[in-house]
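Protein chains in written order, with this note's numbering: chain A, 1 to 174; chain B, 1 to 174; chain C, 1 to 174; chain D, 1 to 174.
What the hints contain is simulated information worked out from the structure, not anything from laboratory work. Do not take every clue at face value.
When chains are identical, the list treats them as one kind, so a pair holds in a single copy or across two.
What the hints assert, rightly or not - In silico DSS-like cross-links for lysine-lysine, where the CA-CA straight-line distance does not exceed 30 Å:
| hint | residue 1 | residue 2 |
| --- | --- | --- |
| 1 | K137 | K148 |
| 2 | K42 | K124 |
| 3 | K124 | K166 |
| 4 | K166 | K17 |
| 5 | K166 | K137 |
| 6 | K73 | K148 |
Remember, it's a predicted structure, so these values are computed and weren't measured experimentally.
There are 4 protein chains.
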Amino acid sequence: MRPIIGIIGGGKELCNKDIYEYGLELGHSLLAQGYRIVTGGKGGIMEAVSRGGMDSESYFEGSIIAIVPEDNKKSANDFCDIVIPTGLGINRNIVVVNTADILIAIGGGAGTLSEIAFAWQKNKTVLCVDEFEGWAKQLANQNIDNRKSNLLIRVNEIDDIIDILKDFFQNRTL
Amino acid sequence: MRPIIGIIGGGKELCNKDIYEYGLELGHSLLAQGYRIVTGGKGGIMEAVSRGGMDSESYFEGSIIAIVPEDNKKSANDFCDIVIPTGLGINRNIVVVNTADILIAIGGGAGTLSEIAFAWQKNKTVLCVDEFEGWAKQLANQNIDNRKSNLLIRVNEIDDIIDILKDFFQNRTL
Amino acid sequence: MRPIIGIIGGGKELCNKDIYEYGLELGHSLLAQGYRIVTGGKGGIMEAVSRGGMDSESYFEGSIIAIVPEDNKKSANDFCDIVIPTGLGINRNIVVVNTADILIAIGGGAGTLSEIAFAWQKNKTVLCVDEFEGWAKQLANQNIDNRKSNLLIRVNEIDDIIDILKDFFQNRTL
Amino acid sequence: MRPIIGIIGGGKELCNKDIYEYGLELGHSLLAQGYRIVTGGKGGIMEAVSRGGMDSESYFEGSIIAIVPEDNKKSANDFCDIVIPTGLGINRNIVVVNTADILIAIGGGAGTLSEIAFAWQKNKTVLCVDEFEGWAKQLANQNIDNRKSNLLIRVNEIDDIIDILKDFFQNRTL
Numbered sequence: 001m002r003p004i005i006g007i008i009g010g011g012k013e014l015c016n017k018d019i020y021e022y023g024l025e026l027g028h029s030l031l032a033q034g035y036r037i038v039t040g041g042k043g044g045i046m047e048a049v050s051r052g053g054m055d056s057e058s059y060f061e062g063s064i065i066a067i068v069p070e071d072n073k074k075s076a077n078d079f080c081d082i083v084i085p086t087g088l089g090i091n092r093n094i095v096v097v098n099t100a101d102i103l104i105a106i107g108g109g110a111g112t113l114s115e116i117a118f119a120w121q122k123n124k125t126v127l128c129v130d131e132f133e134g135w136a137k138q139l140a141n142q143n144i145d146n147r148k149s150n151l152l153i154r155v156n157e158i159d160d161i162i163d164i165l166k167d168f169f170q171n172r173t174l
Numbered sequence: 001m002r003p004i005i006g007i008i009g010g011g012k013e014l015c016n017k018d019i020y021e022y023g024l025e026l027g028h029s030l031l032a033q034g035y036r037i038v039t040g041g042k043g044g045i046m047e048a049v050s051r052g053g054m055d056s057e058s059y060f061e062g063s064i065i066a067i068v069p070e071d072n073k074k075s076a077n078d079f080c081d082i083v084i085p086t087g088l089g090i091n092r093n094i095v096v097v098n099t100a101d102i103l104i105a106i107g108g109g110a111g112t113l114s115e116i117a118f119a120w121q122k123n124k125t126v127l128c129v130d131e132f133e134g135w136a137k138q139l140a141n142q143n144i145d146n147r148k149s150n151l152l153i154r155v156n157e158i159d160d161i162i163d164i165l166k167d168f169f170q171n172r173t174l
Numbered sequence: 001m002r003p004i005i006g007i008i009g010g011g012k013e014l015c016n017k018d019i020y021e022y023g024l025e026l027g028h029s030l031l032a033q034g035y036r037i038v039t040g041g042k043g044g045i046m047e048a049v050s051r052g053g054m055d056s057e058s059y060f061e062g063s064i065i066a067i068v069p070e071d072n073k074k075s076a077n078d079f080c081d082i083v084i085p086t087g088l089g090i091n092r093n094i095v096v097v098n099t100a101d102i103l104i105a106i107g108g109g110a111g112t113l114s115e116i117a118f119a120w121q122k123n124k125t126v127l128c129v130d131e132f133e134g135w136a137k138q139l140a141n142q143n144i145d146n147r148k149s150n151l152l153i154r155v156n157e158i159d160d161i162i163d164i165l166k167d168f169f170q171n172r173t174l
Numbered sequence: 001m002r003p004i005i006g007i008i009g010g011g012k013e014l015c016n017k018d019i020y021e022y023g024l025e026l027g028h029s030l031l032a033q034g035y036r037i038v039t040g041g042k043g044g045i046m047e048a049v050s051r052g053g054m055d056s057e058s059y060f061e062g063s064i065i066a067i068v069p070e071d072n073k074k075s076a077n078d079f080c081d082i083v084i085p086t087g088l089g090i091n092r093n094i095v096v097v098n099t100a101d102i103l104i105a106i107g108g109g110a111g112t113l114s115e116i117a118f119a120w121q122k123n124k125t126v127l128c129v130d131e132f133e134g135w136a137k138q139l140a141n142q143n144i145d146n147r148k149s150n151l152l153i154r155v156n157e158i159d160d161i162i163d164i165l166k167d168f169f170q171n172r173t174l
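One chain only, chain A, in its complex shape (with noise of 0.2 Å):
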């Protein structure tokens, strides 16, 4: 199965234009590869890297997924291939965790805090963007429990993460 690349991050409250544009070019960068994205459907960081994918000569169609917390599809933001509207409320944080191969988390409030922790529960690498502020930062390269380790990985460039993507996907069976 192709890979699917989740993006965690603050919402619109939290996503300020600097890290609206690092989104809009995320997404651009992960489609051109071929990966399917998966957010909470929202707006700030799930937007920006959802518009970036969408709006890229790269967009492929059915590519952009988005897990809502409401019951029903108007609730997602516009530029969303497929919504699976949970009606879980922000337990739907967790099926967004449970359908990425791999996770990027960007800035970050309580919800991604909670979303890395759950990560961390299930055994999935996050690679923790360290340019903005947030729980992305904060917990780069850290060690959430000491039942695990090398989970919470610090990425800067979006072209580190392209490579660390490869390497990633390079020898596994999805």
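Following the hints, put chains B, C and D in place on chain A, whose structure we already have.
Positioned in the frame of chain A, the structure of chains B, C and D alone reads:
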């Protein structure tokens, strides 16, 4: 967005050879119309429709979505493009219903019955195939309670299903 | 542990005066036997049974549990001791079924139907009151599918329900 | 309604003898004040506080609630009065947070971190015991993001916790 057709009905235990073959053909016909399909991702009719879609010349990548009870992708059948591992157990049924724009019910035991009851609560139309024993046949053209009506539509031939779907999506913005 | 009796049936819209009064008396009788009750915490039969329990001389604190769809306690009816706010929407129905050691169904539309179907999947016995129109009456003494049997038991008088419950819990460790 | 105190912290793996003994004493003291407690129903600190409550002379029936990941009651520890089997896996953490009127965090790894992050999103106060290593200590008196503040309160002695709880519930209608 491209329409998503939800398929509900018996799993491995409740799915005989006739139902499985009907499912294969249905999957083929749905893909030929350019629809995506969503199932609960396990055996029986869920596998049959997914397989019928994937093995047909009309197959296009990203068209077969599985929403599974488990928290990992390996638990899905082998004919899925996009797996959403909910970790919710049989609670995942309601996410299948929420994700589908319209549903097709085939045969079916208690799990299918709960999904038809959910669909009713969420105002979703269910095409109830009356060719096989089960809750789909039993509830075709019936009302589940007196709060709404005409959501459970009796169907039989796959050609008729395709015609009804065309009408259904004609004037609808998804 | 003290047995917990789950009550399922129509909410405010589907609950007429006769059903409500049956519920008041049922709540009273269940508390008099020292049972806890669990409901979905909203109006109609859920309120009636909770209120019948709370207003009776047999009431004991901690006996009336409400498992509500919302994420806050204020959303429950006024006759609950312990409120479990799930934030799961109508997905909370399955938590009600899981929490009950045995269920009593009264009247009921699509929501109740989905709960009876869940109970069947989870091997829970449901006492189906046949005095009022609805899915409880319709499914009394029926089998939902052919994978199991004898889980849906027709009942009518409250005295009979109390006798059946006594037998049911006699040799059972909870 | 009687206040419900949520206890979050390390399960069996992360709970040493000192934490377990602190938990026993805390459970005893909470019951002596007439509070109910709610936990995730498994081992470690969840078991310790429940056991401390159940074994004390202040124990009253119906005071110890367990909200477990599994779909059956047998999965809870042996010191619970009321078991709510969610069938939600680690998603049940948010139901624990929603059910508690206030929380006490002790030690804690990734699971506890996700619960503190949930509590923050739901505007719940968390008393963070600073005596043991873990996320409770690390986040005591910190802010998780800049959207709110003063929800994570550093505590140490059990007597102080009891005083803070008294103040907290004094002018609050539950």
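**Message:** At most 30 Å between alpha carbons: which applies to K166 and K137, within, between, both or neither?
**Reply:** For K166 and K137, only the intra-copy Cα distance (22 Å) is at most 30 Å; the inter-copy one is 38 Å.
**Prompt:** Within a copy, between copies, both or neither: where do K124 and K166 come within 30 Å Cα-Cα?
**Reply:** The answer is within: 16 Å in one copy meets 30 Å, while 41 Å across copies does not.
**Request:** Check K137 against K148 for me: Cα-Cα at most 30 Å, and say if that holds within a copy, between copies, both or neither.
**Result:** both (19 Å within a copy, 20 Å between copies)
**Request:** Indicate which option fits the pair K166, K17 if close means a Cα-Cα distance not exceeding 30 Å: within, between, both or neither.
**Result:** Cα proximity of K166 and K17: one copy only (28 Å, versus 43 Å across).
**Request:** Indicate which option fits the pair K73, K148 if close means a Cα-Cα distance not exceeding 30 Å: within, between, both or neither.
**Result:** between (37 Å within a copy, 22 Å between copies)
**Request:** State whether the alpha carbon distance between K42 and K124 is at most 30 Å within one copy, between copies, both, or neither.
**Result:** Classified as both: same-chain Cα gap 22 Å, cross-chain 24 Å, threshold 30 Å.
Checked against the numbered hints listed earlier, the structure breaks none of them; every hint is satisfied.
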